[in-house]
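Protein chains in written order, with my numbering: chain B, 484 to 692; chain U, 37 to 444; chain R, 5 to 215; chain D, 255 to 533.
These are calculated hints, taken from the structure and not from any lab test. Glycine is no exception: its CB is placed at the ideal position from the N, C-alpha and C atoms. Check the hints yourself; a few may be wrong.
Stated by the list, open to error - Not the full set, but computed from the structure, chain U residues with beta-carbon under 7 Å of chain B:
#1 Ile257
#2 Ala291
#3 Ile332
#4 Leu334
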Amino acid sequence: MIGQLILNGIAAFLTLCIFSFLYKDNPFYKFAERLVAGIATGYWTMLLYHTNFKPVVWDRLAAGRYEYVIPTLLGLMMWTRFSRNWSWVSRYSIAFYIGISSGITITLSLYASLFKQLEATVKYPITFDGAGLSSLLIIIGVLSALVYFFFSAAHKGTMGVISKLGIYIIMIGFGAGFGMTVMGRVALLVQRVIFLKGYVNSLAGLFGG
Amino acid sequence: MAKKLVILLLVVVTTCGMVGAQEAIQDTTGPQVMAPSPPANLRVLDRPNDAGHGLIIKWDCSPDDGAGLKNVTMYEIFRSNSPDSGFISRGIVPAGTTDYVDFDETKPTPEAPNPTFMSVNSTWYYRMQAIADTQVRSPFTNVVSGTTRGNSIHTGKIPIAVTAIVFTIFLLVFISSARKGKTMYVRPLAGINAVDDAIGRATEMGKPILYILGLGTAGDIATIAGFTILSRVAKRTAEYQTKVIVPVQDPVVLAVAQETVRTAFLEAGRPDQYNPDNVFFVTSMQFPYVAAVNGIMLRERPATNFYMGVFYAESLILAETGNIAGSIQISGTDQVAQLPFFVAATDYTLIGEELYAASAYLSQEPVQLGTLKAQDYTKAIVMLYIIVGAIAISAGWVLLRNLVTINL
Amino acid sequence: MKREIPLMIVMVTGIMMFIQYFMPYKFLWIPFVDSEKLFEFLNDWVMVIGILSLPLGIWSLVKANAQKLTVPGERFYSSVLLAGFLVMVISGLRPEWRTGGVHFALFQNVLIPIQATIFSLLAFFIASAAYRAFRARSVLATILLLTAFIIMFRFIPLGPLSSANNWLVEKILTVPNMAAKRAIAMGIALGATATAIKIILGIERTYMGRD
Amino acid sequence: MTFLENLMKIDRRWIYLAIGLAVIIPAIASFTVPVTVSSEVKKIYDFVDKIGPNEYLFLAMDYDPSSMAELNPMAEAILKHAFMRNRKVIIVTLAQFGPGMVEEITHRLASEYNRVNGVDYVFLGYRPYPAITIMLMGTDFRVPFPQDYYGTALDSIPMLHGIKNFNNVKGVIDLTAGNTADFWIVYGNGRYNFPLAIGITGVMAADYYQYLQSGQLFGILPGVKGAAEYERLIEQPGEGMAQVSYQLVAHSVIIFFIVISNVAYFATRRQKKTAGGAR
């Protein structure tokens with residue numbers, strides 16, 4: 484009980500340290516900032532050790548899956564960056580890292596960001612009712628916003644008018660995104676305030692009654 | 037929505053528990069229901085476009101489904117690895133359905149055995165029943181078998197392959213025509229024009245430049261676009277002898293960013309001025325990283341902040357703190373959800389595709405500008421497709437829509 | 005050797021991963037190469053390189069803060085950081101790291117509350133950003149302002165006006181908002197694909213550095 | 255420098271203070287804020303209200319504790335309403351981590367209103383595969399749920415005598431944070447044609463209004479706002495009202511500052527213009 488109260492006290496103190504940043508930068512904020520950088524790096528290191536390094540690298544090598552020698556060597560080759568003369572060796576590892584990721588990206592982004600969006604855009608017929616009007620307006624919106632992204636054509640004349648409509652539509656999207664997010668952000672602050680209130684109440688309970 | 041429903045219809049359902057339970061129940065209400073006839077013409081086909089872990093079961097509806105006794109409510113599909121015994125339920129589908137996809141791709145391991153796993157080239161036996169009421173069922177159909185096959189080419193993904201290849205051809209054509217000296221127009225981008233001004237401002241003020249690569253890994257294309265812009269910024273700062281600070285949150289990003297900045301100083305002819313300690317690792321976790329960068333902003337008071345890469349909720353925390361510090365801010369990200377905050381809180385924002393275009397703009401090399409032209413041509417095709425596709429679907433013609441409907 | 009071979013590696017692995025996507029069964033019909041296994045294995049490479057690079061980051065962090073130990077004003081803060089790191093690493097070696105002990109207590113009572121608090125700063129910043137940015141300075145700023153305004157008004161009771169506002173909010177979200185997000189996503193797809201192809205073809209190679 | 259010019263460059267810390275107070279004050283001094291009831295919420299209230307005593311409401315609480323903040327207030331308001339009016343409730347959850355949470359709420363509210371498990375309400379429990387479970391319940395509740403959450407056979411629960419499937423309930427209200435709403439619309443309302451209403455998180459709301467127009471849903475409770483409206487209708491301010499009061503005050507503060515900002519902007523711009531003209 485008292486132990487938990489002390490731990491909660493630490494959490495409450497650090498919460499206030501971070502909030503103090505809103506007034507101005509100060510030693511309390513700097514303390515919390517450095518403390519959390521150390522704690523987070525330590526936590527992350529051990530998390531990677533327990534959940535990734537041990538099962539994926541260590542256990543597999545120990546189990547005789549020698550094909551994992553290659554990625555392990557590539558990983559260790561990153562350490563040549565500690566040396567000025569040998570740091571070029573790490574490029575081999577980076578080459579695999581970036582090559583594999585880029586190859587995956589092409590198909591993935593074409594699928595998720597192009598084909599999925601196209602499918603959704605040409606899914607509903609344009610009809611003479613509310614829903615049909617909506618899909619017509621969506622199509623006009625998508626087309627004009629795409630015109631905005633043309634790089635090799637000057638935004639003049641008809642192109643200028645359409646691309647202007649396009650950036651207006653993009654701005655409506657941004658305004659909507661901004662307005663919708665306020666609620667969630669306020670809820671985050673409410674949670675912190677309720678935490679602090681609960682802590683104050685439990686302190687009051689301890690000393691007051 | 038419609039697609040969702042298709043997925044729902046095909047969803048694999050194991051209902052052993054439910055089916056087992058039903059024997060224990062007494063029918064307490066209602067008169068006796070007549071048993072419906074079973075479905076007919078059961079056939080088992082290979083599931084296409086997979087590595088050999090599934091089969092498609094097709095049938096014709098029971099005569100009592102929607103007609104006859106009109107009492108079929110659902111069908112239950114049973115499977116076994118032998119033709120005579122050991123049938124288990126693999127799923128229930130509503131009446132009116134005529135196919136079912138049975139698959140299990142979870143490979144068994146010593147810790148987690150999976151007896152229902154369907155390995156490649158394995159043969160399975162199926163039979164099914166029409167269900168009327170709680171325990172009124174049709175007789176079983178006859179048993180039909182099928183064998184899983186691996187498929188070399190995913191035919192459903194061919195449109196993606198074609199798009200990628202056409203796109204690559206466009207790229208190569210425009211790059212080669214650019215190499216032949218054809219000049220290409222690109223419209224001005226405010227965010228790009230601001231880059232050089234922002235560096236000049238930092239030099240005049242004698243204050244550093246802060247360059248944030250975001251929370252992506254070195255494999256994220258947006259981060260790589262960030263490296264290219266960093267290279268340009270670092271080269272300029274080397275020429276002007278301005279300090280550039282790059283706090284990062286990923287060790288591989290650290291290595292690449294150091295290499296990028298070092299090379300930029302080399303190309304600017306000032307390798308001696310490169311200080312590797314200005315590109316440094318802070319921590320890997322999102323908000324502790326943000327806390328540290330906030331501290332840097334308020335203590336170093338950089339003249340200019342760049343945000344180029346993948347950003348999440350921290351976008352607004354960083355941009356507002358940069359504003360408190362009085363910095364000019366230029367941002368660019370591929371995260372659509374964060375763009376509103378960058379647009380509101382920073383001075384210039386590269387919206388989505390503009391971030392990728394930035395490297396071409398900054399280099400002004402004809403080869404790079406050629407790729408922008410390729411992007412524009414592909415975009416024009418996409419727009420044309422949308423127009424024709426929308427007209428087609430309004431006329432009830434679904435072929436064009438199906439072309440972009442990828443069933444993974 | 006120092007630059008050409010890495011660029012070759014990028015090209016070969018990039019094209020391999022591209023082809024793999026279209027061949028579910030055997031990679032390039034090679035009988036002993038399962039496409040799925042190849043995908044998993046190469047993804048593991050990325051992961052293993054990432055994990056084993058962590059010492060680079062740790063070294064960068066520790067070095068910077070060890071140097072600051074000699075700076076009078078910074079000494080305290082850097083020792084806090086280094087101590088926090090060491091305590092987490094050493095206590096994290098214990099088998100109960102995830103459920104109890106010092107490691108877990110620090111995780112629960114330092115890391116989690118600080119993270120949540122930094123996250124919650126957004127409630128303040130979203131207000132100050134709105135105050136500064138939402139001024140009707142230009143047509144674009146006015147559109148941004150009005151849309152956000154209408155959306156935020158859904159929480160304000162306005163009697164009969166509320167249902168009109170709710171209708172407008174729904175229309176904004178389902179029509180222009182949807183159109184904007186789709187167009188931006190399509191642009192990103194083209195930009196990212198173009199960049200990835202340039203990387204694979206070795207046209208984009210800044211990240212590789214130079215000697 | 256005029257007052258308005260000062261306002262243009264207002265110290266951001268005043269804004270922070272205002273936002274802080276906007277959250278702290280409702281946290282300390284709980285007060286009820288005015289809530290306008292929308293027709294899609296009123297319809298759900300009227301529906302529950304018009305169910306006769308000893309008639310049945312079917313409540314699906316298909317959400318995990320991760321969406322508790324938004325959906326629990328709805329569940330509480332509806333259950334309170336049903337218990338107050340002595341409507342019988344059949345409760346189910348199609349969310350994996352739902353059962354413990356549902357048990358806690360129903361138990362707490364039942365003892366508050368002196369309602370008895372098995373007589374006034376029944377909690378069937380959880381089954382995986384929502385689409386199939388809904389269809390099976392359409393045949394007979396006893397197929398997917400031979401026993402209730404507490405292990406009592408459905409046949410030996412007094413209030414379920416003669417209650418077979420959706421034909422015997424007045425309607426279904428589904429509270430969900432995921433795609434179970436789609437399942438209820440397609441497999442529930444679509445196949446068995448019972449009146450259906452849903453309560454969903456704020457971000458999902460926009461996607462589901464189309465079903466209101468098409469008549470597949472008779473009502474929607476959108477996020478904490480919906481919960482607060484329901485709480486107002488039953489005159490029992492609860493967590494929904496509290497959440498909405500935070501949001502309302504904070505949103506008002508932000509809107510207020512945007513208005514001030516624009517007033518100051520236009521006023522100073524006009525002053526500058528006249529100054530320029532005089533020169």
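Evaluation of the provided hints:
no.: 1; hint: Ile257; verdict: holds, 5 Å
no.: 2; hint: Ala291; verdict: holds, 5 Å
no.: 3; hint: Ile332; verdict: violated, 10 Å
no.: 4; hint: Leu334; verdict: holds, 4 Å
When each numbered hint is compared with the structure, a violation occurs for hint 3 only.
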